[in-house]
Amino acid sequence: DSGVTQTPKHLITATGQRVTLRCSPRSGDLSVYWYQQSLDQGLQFLIQYYNGEERAKGNILERFSAQQFPDLHSELNLSSLELGDSALYFCASTPGQNNSPLHFGNGTRLTVT
Amino acid sequence: GESVGLHLPTLSVQEGDNSIINCAYSNSASDYFIWYKQESGKGPQFIIDIRSNMDKRQGQRVTVLLNKTVKHLSLQIAATQPGDSAVYFCAENRGVGGGADGLTFGKGTHLIIQP
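Chains as they are written, first to last, in the numbering used here: chain A, 207 to 319; chain B, 229 to 343.
Everything labelled a hint here was simulated from the structure, so no lab data went into it. Treat the hints with care, since some could be wrong.
Claimed, not checked - Here are some chain B residues pointing at chain A (derived, C-beta under 8 Å):
1) G271
2) P272
3) D277
4) L331
5) F333
6) K335
Unchecked claim - Far from chain A, some chain B residues (derived; all Cβ distances over 12 Å):
7) L239
8) V241
9) Q242
10) E243
11) I248
12) N250
13) N255
14) D283
15) K296
16) V298
17) H300
18) S302
19) Q304
20) G311
We put the beta carbon where it would ideally sit given N, CA and C, even for glycine.
With the rest of the complex left out, here is chain A (with noise of 0.2 Å):
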């Protein structure tokens, strides 16, 4: 068990809509990264929050957004869904922000149907 956690498991929806995905980081650390993994793509990095703040983005499209709370846990907003969306999207926690190895969460599949 790596200490991190995601909710929902699994997400099932219809085009056009929009979810929340949420995620608590290991006790302690304070970067959360969002990545996606689709078959076609591997492991995409998204975005990094430090302690609250954005600190890095990657890959991420305008209808996506996330946000980091003062408790730490992270949330990615997924807005207008297209099929093409549908992948596991993992969160990942560090307890800093350089070279440290990601601890990730067992992932939220989302299917967009």
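Since chain A is already given, all that's left is putting chain B on it; use the hints.
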């Protein structure tokens, strides 16, 4: 293009044998490398990491070798067990600015353990 890649998408080995999973990277500025294991229905699990000032690091039944001359990374698993069946990813961190935002993952190699 992607700077981290794996030579073999699928590797099948006999239980008890050693297995070697290879990874090539193209960015000479990368200074930190990680191997992850992902089992079905789970998130990637950290196995072992290595920094660019080292060429070998050993863990429990695993060894990571780094050859900076040819930009090659390998993961050796000794005496493979059924529980080693998973997809293995290498990842590199380019080090510029630090942070896992610079962490690039390979596509993965599926390791299958034959009984």
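Q: If any of the earlier hints don't hold here, list their numbers in rising order.
A: none
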